[in-house]
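Novice: So the chains spell out like this:
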Amino acid sequence: MAKSALLGSSLAKKYWMALTGLFLSLFLVAHLAGNLVLLGGDASAADFNAYAEFMTTFPLIKIVSYLLYASILFHAIDGIVLTIQNRKARPVKYHYEKPSANSGWASRNMAFLGTIVLLFIVGHMATFWWRMKFGDMPVDALGQKDLYTVVATYFTTASTAWLHVALYVVAMIAIGFHLWHGLQSAFQSLGVNHPKYSPVIKKVGKIFAVVIPALFAIIPIFMFINQ
Amino acid sequence: MNLTLKIWRQNGPDDKGRMEIYPVQDINPDMSFLEMMDVLNEQIIAEGKDPIAFDHDCREGICGMCSMFINGEAHGPGRRITTCQLHMRSFNDGDTIVVEPWRAAAFPVIKDLATDRSAFDRIQQAGGYVSVNTSGNTIDANAIPVPKTDADRAFDAATCIGCGACVATCKNSSAMLFVSAKVSQYALLPQGKVEAKERVRKMVNQMDLEGFGNCTNTGACEVECPVGISLENIARMNREYLSASLSSAE
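These protein sequence lines are chains H and V, in that order. Just so you know, we're using the working numbering here: the first sequence kicks off at 1 and counts up by one. Just so you know, we're using the working numbering here: the second sequence kicks off at 1 and counts up by one.
Derived by calculation from the structure, the hints in this document are not laboratory data. Keep in mind it's a predicted model, so treat the numbers as computed, not measured. Backbone N, C-alpha and C fix where the C-beta goes; we use that ideal spot for every residue, glycine too. Misleading hints may appear alongside valid ones.
Claimed, not checked - For lysine-lysine, the following DSS-like pairs were computed, each having C-alpha atoms within a straight-line distance of at most 27 Å:
no.	chain 1	residue 1	chain 2	residue 2
1	V	Lys-193	H	Lys-88
2	H	Lys-98	V	Lys-6
3	H	Lys-93	V	Lys-111
4	H	Lys-196	V	Lys-148
5	V	Lys-148	V	Lys-197
6	V	Lys-193	H	Lys-196
7	V	Lys-148	H	Lys-88
8	V	Lys-202	H	Lys-13
As the list claims (entries may be wrong) - Only some residues are given here: those of chain V computed to face chain H with a beta carbon under 7 Å:
no.	residue
9	Gln-25
10	Ala-105
11	Glu-198
12	Glu-224
13	Ala-235
As the list claims (entries may be wrong) - Stretches of chain V that chain H covers, calculated by requiring three or more beta carbons in the stretch to come under 8 Å of a beta carbon on chain H:
no.	region
14	48-55
15	68-82
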């Protein structure tokens with residue numbers, strides 16, 4: 001019983017979902033901090049490239065990045081297992097349901113939203129991460145891998161740049177809805193529910209869910225308009 | 001009131017089941033939903049057909065037996081009520097009302113709208129008690145001091161009537177609101193704390209064995225619960241189970 005209690009039980013799945021989810025949320029903040037440099041335009045290109053180089057080579061960050069990849073995978077696999085088990089728990093569906101009477105849209109569609117986010121992550125990593133790590137990269141005046149030019153090309157001068165921007169914004173909306181339910185849900189799963197603190201956690205969670213994806217989305221829109 | 005009822009009919013656990021349509025006339029708006037079902041059943045019996053099976057007992061919101069999923073919600077529209085406390089005045093003349101049984105793998109249909117909820121009994125039997133011999137050596141209730149706030153919260157959890165609306169309404173058919181209420185009512189009191197760690201592990205283990213789904217914190221259970229059991233109880237169970245599992249030697 002003990003082994004499965006922290007791995008296989010219904011509550012263990014909640015704990016792991018919450019822990020990996022919170023870690024991924026923290027990552028979003030770190031990722032955003034770097035991306036905001038892009039708003040400086042061509043003048044900040046060298047700073048952005050230096051940041052990208054640091055993030056891909058500094059040993060401590062490398063260790064954290066492996067933890068990050070594992071978290072994404074675990075969060076997704078846990079979600080798939082949860083969804084399959086939950087569908088099995090109701091083999092005969094209701095003919096008529098009124099779920100909007102008692103729960104929020106985002107909370108009921110976490111698997112759907114998560115799937116969009118996962119597809120986005122795959123595409124996003126193929127576009128930037130893979131190229132930065134293993135692909136052909138242009139080099140800037142300081143001899144650094146010129147990720148700035150790669151990003152700028154993708155969102156401004158590429159023939160389908162408008163589509164890239166649009167897909168990026170759609171993905172950010174999906175992340176926003178996912179966080180809208182997910183962030184406060186993670187605290188509840190870990191047992192943090194208190195009459196004094198929970199209203200604050202819920203409010204901060206919702207602000208986070210709107211502000212962070214919005215700031216991410218502003219960057220390619222800004223680059224596209226300012227090209 | 002004249003109504004059209006679409007009701008789930010299923011001859012037994014192995015029957016596939018189907019929705020059937022029943023018109024009813026001259027329903028008094030002050031009847032409870034169950035009384036309306038009684039009128040319909042008398043009509044069906046008069047026609048020489050098999051009446052609709054549904055669970056009911058006290059008809060005053062305490063026993064937790066009545067269990068219909070009405071118009072897409074557990075115990076129908078309205079908050080903090082069971083089906084026996086739902087009155088026909090909540091509907092309009094000419095309405096079509098859809099009535100289904102609780103739907104969950106762990107609550108198999110016995111017949112029509114009656115489901116087997118003994119999974120809840122087995123969860124309770126797995127650890128939802130205090131192992132004290134109370135026969136002949138009853139101690140004074142005030143011998144162990146209990147803070148008023150703890151007593152109130154334990155009582156709030158203990159108001160759970162075990163009706164299963166939480167499972168029926170949860171999109172995952174999860175039983176966590178029920179189990180957490182039972183875990184909480186003991187965990188909050190000194191008499192229950194002694195066995196708290198064993199209790200939560202045994203009850204959660206039994207819940208998982210019964211085939212209920214996993215909780216995804218949608219909060220629908222809390223909204224549909226006829227006695228207003230709070231999600232705070234699920235958080236408490238999460239804490240209790242985490243600390244019990246981490247500190248267990250097994």
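Novice: Looking back at the numbered hints, which does the structure fail to meet, lowest number first?
Specialist: 1, 7, 9, 11 and 14
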